[in-house]
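Fit chain Y to the supplied structure of chain L, relying on the hints for placement.
Chains L and Y, in that order, are what the protein sequence lines are. Adding 51 to a residue's 1-based position in the first sequence gives its number in my numbering. Adding 54 to a residue's 1-based position in the second sequence gives its number in my numbering.
Please keep in mind that the hints were generated in silico from the structure rather than gathered at the bench. Any given hint could turn out to be false.
[Said to hold, decoys possible] If the Cβ cut is set under 10 Å, some of the chain Y residues that face chain L in the computed set are:
1. Leu-114
2. Tyr-145
3. Pro-147
4. Glu-163
5. Thr-166
6. Pro-170
7. Gln-177
These numbers come from a predicted model, not from an experiment. Heads up, the beta-carbon is just placed ideally off N, CA and C, and yes, glycines get one too.
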Amino acid sequence: MSKRALSSILTSIKKMPPMIIICFILLFAMIAAAVFLPFLEAIDPYTQNLLGRLAKPRFLDPASKYVLGSDPIGRDLLSRTVYGLACSLVIGALGVIIGTVLGVSLGMLSGLGGGILDNIIMAVAELQQSIPRTLILIVVVVLVRPSVTVMIVVLGVLSWNGYARLVRGQILSIREEEYVLCSKALGASQFYIAVKHVLKNIASPIIVLSTSNLSSIILSESTLSFLGVGLQPPAVSLGLMISSGRDHLATSWWLTIIPSIVLALLVITTSLIGDWLRDVLDPQLRHGA
Amino acid sequence: MVERDKLLDVQGLKTYFETDRGVVKAVDDISYHVKEGETVGIVGESGCGKSVTALSIMNLVQGPRGRVAGGKIMYTTKGGERVEITALPPYSPKMRAIRGSEISMIFQEPMTALNPVYTIGEQIAETVCLHQKVSKKKGRERAIEMLELVGIAAPSRRINEYPHQLSGGMRQRAMIGMALSCDPRFLIADEPTTALDVTIEAQILDLMLHLQEKLGMAMQFITHDLGVISTMAKRVVVMYTGHVVEKASVDDIFYDPRHPYTKGLLASVPTLGRQERLVPIKGTVPNMNELPKGCYFSPRCQEAMDICHQEEPPSYQLEGDHIVKCWLWEQEGVRLP
Numbered sequence: 052m053s054k055r056a057l058s059s060i061l062t063s064i065k066k067m068p069p070m071i072i073i074c075f076i077l078l079f080a081m082i083a084a085a086v087f088l089p090f091l092e093a094i095d096p097y098t099q100n101l102l103g104r105l106a107k108p109r110f111l112d113p114a115s116k117y118v119l120g121s122d123p124i125g126r127d128l129l130s131r132t133v134y135g136l137a138c139s140l141v142i143g144a145l146g147v148i149i150g151t152v153l154g155v156s157l158g159m160l161s162g163l164g165g166g167i168l169d170n171i172i173m174a175v176a177e178l179q180q181s182i183p184r185t186l187i188l189i190v191v192v193v194l195v196r197p198s199v200t201v202m203i204v205v206l207g208v209l210s211w212n213g214y215a216r217l218v219r220g221q222i223l224s225i226r227e228e229e230y231v232l233c234s235k236a237l238g239a240s241q242f243y244i245a246v247k248h249v250l251k252n253i254a255s256p257i258i259v260l261s262t263s264n265l266s267s268i269i270l271s272e273s274t275l276s277f278l279g280v281g282l283q284p285p286a287v288s289l290g291l292m293i294s295s296g297r298d299h300l301a302t303s304w305w306l307t308i309i310p311s312i313v314l315a316l317l318v319i320t321t322s323l324i325g326d327w328l329r330d331v332l333d334p335q336l337r338h339g340a
Numbered sequence: 055m056v057e058r059d060k061l062l063d064v065q066g067l068k069t070y071f072e073t074d075r076g077v078v079k080a081v082d083d084i085s086y087h088v089k090e091g092e093t094v095g096i097v098g099e100s101g102c103g104k105s106v107t108a109l110s111i112m113n114l115v116q117g118p119r120g121r122v123a124g125g126k127i128m129y130t131t132k133g134g135e136r137v138e139i140t141a142l143p144p145y146s147p148k149m150r151a152i153r154g155s156e157i158s159m160i161f162q163e164p165m166t167a168l169n170p171v172y173t174i175g176e177q178i179a180e181t182v183c184l185h186q187k188v189s190k191k192k193g194r195e196r197a198i199e200m201l202e203l204v205g206i207a208a209p210s211r212r213i214n215e216y217p218h219q220l221s222g223g224m225r226q227r228a229m230i231g232m233a234l235s236c237d238p239r240f241l242i243a244d245e246p247t248t249a250l251d252v253t254i255e256a257q258i259l260d261l262m263l264h265l266q267e268k269l270g271m272a273m274q275f276i277t278h279d280l281g282v283i284s285t286m287a288k289r290v291v292v293m294y295t296g297h298v299v300e301k302a303s304v305d306d307i308f309y310d311p312r313h314p315y316t317k318g319l320l321a322s323v324p325t326l327g328r329q330e331r332l333v334p335i336k337g338t339v340p341n342m343n344e345l346p347k348g349c350y351f352s353p354r355c356q357e358a359m360d361i362c363h364q365e366e367p368p369s370y371q372l373e374g375d376h377i378v379k380c381w382l383w384e385q386e387g388v389r390l391p
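Just chain L, same shape as in the assembly (with noise of 0.2 Å):
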């Protein structure tokens, strides 16, 4: 990277609105719990502990003996939560970046190798977008054991087609530009368009697209933890806390609200982080035109 382009990165953090800083600091200090603290040998979300069944968090009743209390069979909120968090971290990352691999080579096989190929890619695309995506991830957990590793490769491979379009529908336009041409003229090869013009065009829409694919695999996660369809106990996973949680709503109400306000916190950043990306990185916005 240029001393420039490092420059101009700089200049736009110095310019980050405090909305975006304080979603970076929350999204890393939830990235920092979900990798370090599982170290910690206070932190273990599946001992039970029948005697201390239900309790209290900490800012209810200072006297408990666990700091977001305890669920049903005793087992520590806290601990959980942190676990469902680094468990949805872990589904929305590979999950992204099977998606972004998958779909972004298929949009370009698509896209430059057109035919054939383009008109099977393209169909196959649009029947996966015809069908609701909750539907086909039921149907597929049902016939696999749903498991983490299941979950991030129906997840990530389930979100192939919006890359596909977007990569597929970026080359057709971007191949057509007058300043290819051009570049065509100055004795550029077909290689170093591809790269060049190709990829610089679309790498800032691909990396605004994953950020938001983030938060819906995440959110596609929890969904199905919740609807039962997805992660099984004994796995943690926030969409099985908020709803087992559900039961106790009434009587112990943090259950359910704590983990679905790290699961809204997750998502919010991230989307917000992401549309933040998206304006710093079009040089048109960044510069004002």
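Then chain Y, alone, in the frame of chain L:
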């Protein structure tokens, strides 16, 4: 004339496009040449094959539907080698080496011809780096040098700006700088001033004349504006529906036009101080899929004879280097093969 004088020699070029409604002969058997250091103007209405000729010279006619169907384009490189451009694969290293450093091109719309995501400097340096193995720093220095050459103030600041931050005229200047960054000997300008307003147009034309003199390059100036041609070109090629209808020196074209189409074009240009009504050419350019029989201009031609509607006219050589493709000159001219 000695062959060697011809920097670019287009011989019977045919560029065809396959469409769903048949073959479109966008360029059909045209011949002309450009000598070292001179400017040849190519004039014609939209769709007459001016730009396709330029793309054929650059060997950039887009497949799979477009192809050079006949004829050849010869180019003499800096090293004195005569290259048959039409025989080279479009993306072969040899062809790529010709583009940019031998033959360069500037386009009509400077906004779309510059990539919006790169700064001006990056794009000029890119061209330099494509041809000469130079460091990024060298490329940047060259970019500043080029911007200075094309008359952009504060070039070391401007190279860090994006195309949308520059005005239309400045963008076109940057575009020219980019095209000239590898010292081409032949520049194709495809309507470089059409998108600009008149005062800027005058500045850009002035700049191009000045640069041509300074760098000693040859130019092919494509335009539909006869006024522009009169200031820029020494020789003029008039095109109509893929044919060259008249070829002559700029003075002959303006003061002694022979082809009815050229006469029509001149009659439709307003002259300062004369109060005459402008006479437009009747009718419209025929659809390239449904070209008329005989001479393609015959349905619009005031002087059309019977034979014009029956048979395509050959080219006739008149006195000097004046060549006209019209039956009217059957008696006076020498029929060319």
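Practice task
Return the status of the interface hint for Tyr-145/Y: holds when the least beta-carbon distance to chain L is below 10 Å, violated otherwise.
Solution key: At about 6 Å, which falls below the 10 Å cut-off, the nearest Cβ of chain L leaves the hint on Tyr-145/Y intact, so it holds.
Problem - When the least beta-carbon distance from Glu-163/Y to chain L is tested against 10 Å, hint result - result: This interface hint holds because 6 Å falls under the 10 Å limit.
Problem - Satisfaction of the Pro-170/Y interface hint, Cβ to chain L closer than 10 Å - result: The hint holds - Pro-170/Y has a Cβ within 10 Å of chain L, the shortest such distance being about 7 Å.
Exercise for the section: Go through the hint on Pro-147/Y and say holds or violated, using the shortest Cβ distance to chain L against 10 Å. Expected result: holds, 8 Å
Handout entry: Per-residue hint verdict: Gln-177/Y, partner chain L, C-beta under 10 Å
Key = With a closest approach of 8 Å, the Gln-177/Y hint holds.
Handout entry: Interface hint for Thr-166/Y, Cβ within 10 Å of any Cβ on chain L
Key = holds, 4 Å
Handout entry: Leu-114/Y as an interface hint toward chain L, with CB separation required under 10 Å
Key = holds, 6 Å
Hint violations for this structure: none, all hints satisfied.
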